[in-house]
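Asks: Spelled out from the first residue to the last, the chains are:
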Amino acid sequence: QKEVEQDPGPLSVPEGAIVSLNCTYSNSAFQYFMWYRQYSRKGPELLMYTYSSGNKEDGRFTAQVDKSSKYISLFIRDSQPSDSATYLCAMRNDYKLSFGAGTTVTVRA
Amino acid sequence: DAGITQSPRHKVTETGTPVTLRCHQTENHRYMYWYRQDPGHGLRLIHYSYGVKDTDKGEVSDGYSVSRSKTEDFLLTLESATSSQTSVYFCAISAKGQGEGTGELFFGEGSRLTVL
Numbered sequence: 001q002k003e004v005e006q007d008p009g010p011l012s013v014p015e016g017a018i019v020s021l022n023c024t025y026s027n028s029a030f031q032y033f034m035w036y037r038q039y040s041r042k043g044p045e046l047l048m049y050t051y052s053s054g055n056k057e058d059g060r061f062t063a064q065v066d067k068s069s070k071y072i073s074l075f076i077r078d079s080q081p082s083d084s085a086t087y088l089c090a091m092r093n094d095y096k097l098s099f100g101a102g103t104t105v106t107v108r109a
Numbered sequence: 001d002a003g004i005t006q007s008p009r010h011k012v013t014e015t016g017t018p019v020t021l022r023c024h025q026t027e028n029h030r031y032m033y034w035y036r037q038d039p040g041h042g043l044r045l046i047h048y049s050y051g052v053k054d055t056d057k058g059e060v061s062d063g064y065s066v067s068r069s070k071t072e073d074f075l076l077t078l079e080s081a082t083s084s085q086t087s088v089y090f091c092a093i094s095a096k097g098q099g100e101g102t103g104e105l106f107f108g109e110g111s112r113l114t115v116l
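Chain order of the listed sequences is A and B. Position one of the first sequence corresponds to residue 1 (the working numbering), numbered consecutively onward. Position one of the second sequence corresponds to residue 1 (the working numbering), numbered consecutively onward.
Read the hints as simulated data drawn from the structure, not as lab findings. Treat the hints with care, since some could be wrong.
Below are the DSS-like pairs computed for lysine-lysine, each with C-alpha atoms no more than 25 Å apart in a straight line [said to hold, decoys possible]: (1) K96/B - K56/A; (2) K2/A - K70/A; (3) K56/A - K67/A; (4) K42/A - K96/B; (5) K2/A - K57/B; (6) K57/B - K11/B; (7) K70/B - K57/B; (8) K70/A - K42/A; (9) K42/A - K96/A; (10) K53/B - K96/B; (11) K2/A - K96/A; (12) K53/B - K70/B; (13) K96/A - K11/B; (14) K96/A - K67/A; (15) K56/A - K70/A; (16) K96/A - K57/B; (17) K2/A - K67/A; (18) K70/A - K96/A; (19) K96/B - K57/B; (20) K70/A - K53/B; (21) K11/B - K42/A.
A partial selection of chain A residues facing chain B, derived with a Cβ cut-off under 8 Å [unchecked claim]: (22) G9; (23) P10; (24) V13; (25) I18; (26) K42; (27) G43; (28) E45; (29) L46; (30) G59; (31) F61; (32) R77; (33) P81; (34) G102.
Even glycine gets a Cβ: it sits at the ideal position worked out from N, Cα and C.
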């Protein structure tokens, strides 16, 4: 069983829709939770960073962490074609970083 | 964009040949990493470095070796390439280790390796 599970999709939504992405994990020692965005043929870049449980909002992006359920989410409001990318969740404790497999999202104009 | 250059960006080679991928950074970051990315597996750490001549293994290090003789360069070597090493390889850098601060990684654009 993988330490971090992420549905690979693909996910296709119309422009303006809300995109909902999520990951589950098994290691209760994870304390830091991140979302990376990866455009086609590019390297990943950090999108959101959250410590412990709770919500964090940054513009159209909201990250949620529920440590009791070992479940994290990323919501994209008013999605745009420029949001089309692969989104990777990542999480770590003090010494180990683990990535999900990534979910590919296409926003149709 | 973080100053990270990977070379070559694309390479096709045959089974049994040696291959070296190079990562060059201009950010003077202490930590450098090599990951491979495969469908269904996400990013998996091969090796990392925490300083010049200081390296350690990641979760998928078998068949790979690394060297770091200068702060700015981190080399990944496949001594005898196999088809299972066909993948996209990403170099990443960070100013702090994974136990410090956000541990944010900055990635290069990747090197696509095909082993026939």
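Asks: Decide, hint by hint, whether the structure agrees.
Replies: Here's how the hints hold up against the structure:
no. : hint          : result
1   : K96/B - K56/A : holds, 23 Å
2   : K2/A - K70/A  : holds, 13 Å
3   : K56/A - K67/A : holds, 14 Å
4   : K42/A - K96/B : holds, 23 Å
5   : K2/A - K57/B  : holds, 19 Å
6   : K57/B - K11/B : holds, 24 Å
7   : K70/B - K57/B : holds, 19 Å
8   : K70/A - K42/A : violated, 29 Å
9   : K42/A - K96/A : holds, 24 Å
10  : K53/B - K96/B : holds, 17 Å
11  : K2/A - K96/A  : holds, 14 Å
12  : K53/B - K70/B : holds, 8 Å
13  : K96/A - K11/B : violated, 30 Å
14  : K96/A - K67/A : holds, 17 Å
15  : K56/A - K70/A : holds, 17 Å
16  : K96/A - K57/B : holds, 12 Å
17  : K2/A - K67/A  : holds, 17 Å
18  : K70/A - K96/A : holds, 17 Å
19  : K96/B - K57/B : holds, 18 Å
20  : K70/A - K53/B : violated, 38 Å
21  : K11/B - K42/A : holds, 16 Å
22  : G9            : violated, 12 Å
23  : P10           : violated, 12 Å
24  : V13           : violated, 22 Å
25  : I18           : violated, 24 Å
26  : K42           : holds, 6 Å
27  : G43           : holds, 3 Å
28  : E45           : holds, 7 Å
29  : L46           : holds, 5 Å
30  : G59           : violated, 18 Å
31  : F61           : violated, 16 Å
32  : R77           : violated, 24 Å
33  : P81           : violated, 22 Å
34  : G102          : holds, 6 Å
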